[in-house]
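Protein chains in written order, with the numbering used here: chain A, 84 to 321; chain B, -10 to 339; chain C, 8 to 406.
If you are wondering where the hints come from, they were derived from the structure by calculation, not from laboratory data.
Computed from a predicted model, the values in this text were never measured in an experiment.
Be aware that one or more of the hints could be misleading.
Derived EDC-like pairs: lysine to aspartate or glutamate, alpha-carbon spacing no greater than 20 Å straight-line [as the list claims (entries may be wrong)]:
| no. | chain 1 | residue 1 | chain 2 | residue 2 |
| --- | --- | --- | --- | --- |
| 1 | A | K255 | A | D210 |
| 2 | A | K94 | A | D104 |
| 3 | B | K14 | B | D180 |
| 4 | A | K87 | A | D289 |
| 5 | B | K314 | C | D290 |
| 6 | A | K282 | A | E302 |
| 7 | A | K87 | A | E302 |
| 8 | A | K255 | A | E283 |
| 9 | B | K203 | A | D195 |
| 10 | A | K150 | A | D160 |
| 11 | B | K178 | B | D88 |
| 12 | B | K41 | B | E127 |
| 13 | B | K314 | C | E184 |
| 14 | B | K203 | A | E217 |
| 15 | B | K314 | C | E183 |
| 16 | A | K282 | A | E262 |
| 17 | B | K203 | B | D226 |
| 18 | B | K203 | A | D199 |
| 19 | B | K203 | A | D160 |
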Amino acid sequence: MSAKTPILEAKGVTAGYGEIDILHGVSTAVYPGEMVAIIGPNGAGKSTLLRTMFGLLPIRSGTVHLKGQDVTDERPDQLVHLGLSYVPQVANVFPSLTILENLEMGAFVRQDRLNDRLDRIFALFPDLSGRRGEQAGRLSGGQRQMLALGRALMLDPDVLLLDEPSASLSPKMVEMIFERINAINQEGTAILLVEQNAKEALSVCDRAYVLAMGQNRLEGDAKAMLENEEVGKLYMGA
Amino acid sequence: MTGPGIFLAFAALAIYSAVDHDTRKFFVTGVVVASVYALGAIGLNLIYGVLKFGHFAQGDSMMLAAYLAFFVVSGSILGERRDTQVLPVHLDDLPGSTDPIWELTFGYSLLLGIIGAGLLMSGILVLLDRLIYRRLRERRGNIVIFSIASLGLALAIRSSMLIFWGPNPRSYVEGIHPALHLPFDIVLKGDQIFIIVTAVVMAAAVYSLLMFSKLGKAMRAVADNPELALISGINTDQIFVWTWVIAGWLIAVAGVLLALQAQLNPNLGFIIVLPLFASAILGGIGSPLGAIGGALIVGITQEVSVGLEVSVFGEHLLPLAAGYKFSVAVVLLILILLVRPQGLFGREPA
Amino acid sequence: MKTRLFVITSNVAPLSAVLITAAVILIPAERSGWDMSGTASQFVFFLTTVLIYSIFCIGLNVQWGYTGIFNFGVAAFFLVGSYTAAVFVKGDPPPPDPVTGQDYVQYIGGFGDDLNLFPALGTDEWLPFIVAILMAALVAGILAFLIAIPALRLRGDYLAITTIGIAELLRAIVVEEPSLFNSSKAIPDIPSPLSGLFSSSEYDYVYVGLLVLLVGLLFLLVERSIRSPWGRVLRAVREDEIATSACGKNPFEFKTQAFVIGAMIMGVGGAVYGFDRHSLSPDTFAPISTTFLFWTMVMVGGSGNTKGAILGAYVVYGFYFAMIQVQGYDLPGWISTTRISALRDTAIGLLIVLVLLWRPHGLLPEEARVSMWVERRLRRGGKGGPAPPLGPALDKPDK
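Excised from the complex, chain A in its bound form (with noise of 0.2 Å):
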């Protein structure tokens, strides 16, 4: 199912906050068309990886390739040219910014055919369609999120992170926000998403990392991991 080389991947990652480190020497790899899922406890280091690997944290060791590129601390919006969307768990909108301006935002970098990206956008989305002059501090907590994940794919990137898309949304939104994550997936954006919801991850997901401490525990089949009598009863809580 996997191509030869991944098109993200970090290797013997460490970094972290001030003086201490979070993440000691963490690996993974998301290969083309994939989608990839982080798990593990609170405060495993799922989304200091993240943001680790998008180049808002320093690298103390370790490497990131972004197709086949050697990437590691290059600068977010530099990241963003080279085809890597991030979509972080809170404060993920412009809040005094319009819908269509947050959506502008995304696709920053690149103004060419703006229009057909944008109607793209409105499309998975139609609930924002009718709001585009809308302050986007004024929506709810789901359609903030899919707001956030329009403006992450504005620049239709080819590998897109995403920190805990479910987080504190209602059990339906979560049901259609991993619904529309799947779809993103299946137009052949490969995803990697650090989860809480440990469950409904593994279950949308093609393969899983398990992080504890700071360090890779365990990975492979996100299917068979769902069925991993470890995993279950570490993580989620069955």
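Dock chains B and C against chain A, hints included.
Only chains B and C this time, still in chain A's reference frame:
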């Protein structure tokens, strides 16, 4: 509730002073002064919104810009002791450049001078950002550190003006200039009309830039959430530079207008920071549009309170002595911080 | 690399003190043709001013260094302290102004001669001054309390602009209300404590001695309280207000206390300034340059270190004093007096920026300390090397 209340109280004062024949001239002067404050306060709020700190060198930068315009126009700096030296190359040498336009006191050389000051001021601010503010940003310093640095620069800028142009106040064009009699008994000088018109044009230009241009939208995005802006591929460092460039133009125009309304005076720069901050905070800090409302309130209240006569039980309450002009801004500032720190037009904090 | 940096760090403080001392002694000595008694009296004047300014720096350090309060209105507390004290110690009004023939304002207080309760103890020589210092501290403290209500809960720069505004407002009142403060004619003939007991040539030295006692007393008081549980809360507020309130301590309450205490210390500084200069004029209290001088002193010396605040006062005022001395030389025409003082102010303004960029912890960085109890145990032979220096929130993002 307090927001509309304060607004109504101010509206009553403004309408009363505008309607009453004796105080109309103070109201009109207030509008002129408010135009200058508005541009300064828009710049202050722009910097506050995007770079997240109170720029205490705003007033001194305005005065420096006014002197820079004076310099490119007249070519004069202070020589030995009190002698003025005039450089051989300056804009006033251009043919007909000092012939007054319409009812103004100055010719097109000063208009070119404003452009010169805008270019120089933007350059200076960008340079200061590269040398100082960017380094502090990289260290992820506390916002207060930025404000202390800007205060240090305020002192350095003011002192440099004293070095180059000396302590004596000057004007672009010396002499007494007659006022125009307009309908409704409004008496205004040509230069004052120029101040109001220029401020309106400049504010409209900045507004459309912020609302409709790609750069303006990116600036608002950075103001909203700098990290998300970076994540979206916006080069935030570039946006910071552009913010200083735009602030530089606002400061330059506001500075020249200030010097036209009052005078060129190195010591005026720092004190003007008080009404500027009062305007910015009254309008809602970080909101460039609110700054215009705040400036109108501060400017008109300030001028009317040193003009309007009010006695209560035979005690003279108003007018205040002219030395209290800037104290009015302080009182307004403290008042708004007490009852509505987010400003009149600011949103309730979430 | 690390060790080399450390060597520089440990030497800059004494080195700068030595250089400044040399400049402060040698320039006046050279100018007076090596007349040592004149040089000595210049140095005594220098020391007096440094000691007075150290008091403001100690007060500002309580506010900014230990608690992280951004008070940019030191001039306001300076003004309030010195005018209050002057009003309380002044004796009979002076004769009418020789130029205008106008009378000077009579003061409500003026306890100068009424407080001679026990003439045998010479109370008129010291009691009014103690009362005046206490009143100066009290009034400055009340002013700080009133400012704290609207401004101390808000973000740091709101307090900064409010305090600048208050300083300007008070200065405007002093200028515009001649019936209260004689306006720019100033308050003349402020007496000095114990001055009746010494000849005027001796008295300069006596006053330095009194100031050393006062600064020493304030130093001990501040150091004691900073090592107390109360001082620990202050530093906690500085580092993280939210975490502090989560521990059940109301940050606003502690910030108000530190702000008021710092202001009271500044009030004391204002009082002794008046006793030394004998006259007060509103020009002394220009909001920016006066306040800024104290800020530069604290930042240069080391925020969060009382010794640093005093060293900062010494070094920065030494530079200031040397620049004033340079004005006395026969200088080329293009260096006018205005230009020298403007250059000096430019240097002071840039100095603070340079300190922020290159030496954010100042000459004497804050010492890591926990409490008197722990320190006593350490002294008794406990383990634990010196902890790394801390700073007042200089390299930590604001919340």
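Against the earlier hints, flag every one the structure doesn't satisfy and list their numbers going up. none
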